[in-house]
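> Chains as they are written, first to last, in our numbering: chain A, 1 to 110; chain B, 1001 to 1114.
Calculated directly from the structure, the hints in this document are not laboratory data.
Quick caveat: nothing in here was measured; it's all calculated off a predicted structure.
Glycine is no exception: its CB is placed at the ideal position from the N, C-alpha and C atoms.
Careful: at least some of the hints might be erroneous.
Each computed BS3-like pair below joins lysine-lysine, with the alpha-carbon atoms no more than 25 Å apart [said to hold, decoys possible]:
id, chain 1, residue 1, chain 2, residue 2
1, B, K1078, B, K1024
2, B, K1078, B, K1068
3, A, K2, A, K45
4, B, K1024, A, K45
5, A, K42, B, K1024
6, A, K42, B, K1078
7, B, K1024, B, K1068
8, A, K42, A, K79
Derived Cβ-Cβ restraints for the label pairs, each shown as a range [claimed, not checked]:
id, chain 1, residue 1, chain 2, residue 2, range
9, A, R41, B, T1096, 21 to 29 Å
10, B, P1070, A, L74, 41 to 49 Å
11, A, R41, B, T1013, 16 to 24 Å
12, A, T18, B, M1040, 26 to 34 Å
13, B, S1007, A, S49, 26 to 34 Å
14, B, E1062, A, P14, 42 to 50 Å
15, A, T96, B, P1061, 16 to 24 Å
16, A, S32, B, G1003, 14 to 22 Å
One-letter residues, chain by chain:
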Amino acid sequence: RKEVEQDPGPFNVPEGATVAFNCTYSNSASQSFFWYRQDCRKEPKLLMSVYSSGNEDGRFTAQLNRASQYISLLIRDSKLSDSATYLCVAHNQAGTALIFGKGTTLSVSS
Amino acid sequence: DAGVIQSPRHEVTEMGQEVTLRCKPISGHDYLFWYRQTMMRGLELLIYFNNNVPIDDSGMPEDRFSAKMPNASFSTLKIQPSEPRDSAVYFCASSTPTGDQPQHFGDGTRLSIL
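The task is simple: from the sequences and hints, build the whole structure.
Laid out in structure tokens, this is it:
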């Protein structure tokens, strides 16, 4: 089992749609979780941290389910500018480093 | 604020040549990470340093790859000899001393080995 797994997509949605991504992680003791966004031919940039109680930042909501070892990202009212690859991050099995998933590609169309 | 600075932005060279990638982390960040990104394998952690000391190099693919951090503001990733399968985007990232904080990435080096 890969340490951090994501559905690669692509997710193709119209503007205004709500879309959700899930990510599973293998280290049950992982304490830190993040969602990053990566635009084509650019570096990954932090989108938001994921807290145990769940957190929201505008149209974006991140949630953590420790029992099932997955984190999710919900995007409401999708914009064209949301088109990107979304990477989830959790600790590796050894707990020594943060590991990135391969990313989920989102394409929002008008 | 200056972010993570990588050089060169692009490198094209012939197989067998030595390649050196450079990184300057954000000032005050004690953790530095080197990643490689390809379509097939995604973003792979190669090695990371804490206070200039290599902590985990288990991601370094083979002996042709080496990384150093001679001081807090500079790191290199070297490939010698280079091979076409090393072609990828190489990112450097740094984070604050706690180590669990989000990482800030440089713009990356696009490496093509012919």
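> Do the alpha carbons of K2(A) and K45(A) lie within 25 Å of each other, as the hint requires?
The given pair, whose Cα atoms are some 22 Å apart, holds under the 25 Å limit.
> Per the hint of 26 to 34 Å, is the separation of the Cβ atoms of T18(A) and M1040(B) within bounds?
With a Cβ separation near 31 Å, T18(A) and M1040(B) satisfy 26 to 34 Å, so the hint holds.
> Lying within 16 to 24 Å: is that true of the beta-carbon distance R41(A) to T1013(B)?
The hint (16 to 24 Å, Cβ to Cβ) holds, given that R41(A) and T1013(B) are roughly 20 Å apart.
> Do the beta carbons of S1007(B) and S49(A) sit within 26 to 34 Å of each other?
Given a distance of about 30 Å, which is inside 26 to 34 Å, the answer is holds.
> Take the C-alpha atoms of K42(A) and K1024(B), compute the straight-line distance between them, and say whether it is at most 25 Å.
holds (18 Å)
> Taking only the CA atoms, is the gap from K42(A) to K1078(B) under or equal to 25 Å?
holds (22 Å)
> Would you say the C-beta atoms of R41(A) and T1096(B) sit inside 21 to 29 Å of each other?
Cβ of R41(A) to Cβ of T1096(B): about 27 Å, so the range 21 to 29 Å holds.
> Check the hint pairing K42(A) with K79(A) against an upper bound of 25 Å on the C-alpha distance.
Distance ~19 Å between K42(A) and K79(A) Cα, so the pair holds.
> In this structure, is the beta-carbon distance linking S32(A) and G1003(B) contained in 14 to 22 Å?
holds (21 Å)
> Just tell me: holds or violated, for the beta carbon distance of T96(A) and P1061(B) against 16 to 24 Å?
18 Å Cβ-Cβ, so the 16 to 24 Å window holds.
> For the pair E1062(B) and P14(A), does the Cβ-Cβ distance stay inside 42 to 50 Å?
holds (46 Å)
> Taken at face value, is the distance from the CA of K1068(B) to the CA of K1024(B) at most 25 Å?
holds (12 Å)
In terms of the numbered hints stated before, the structure departs from none.
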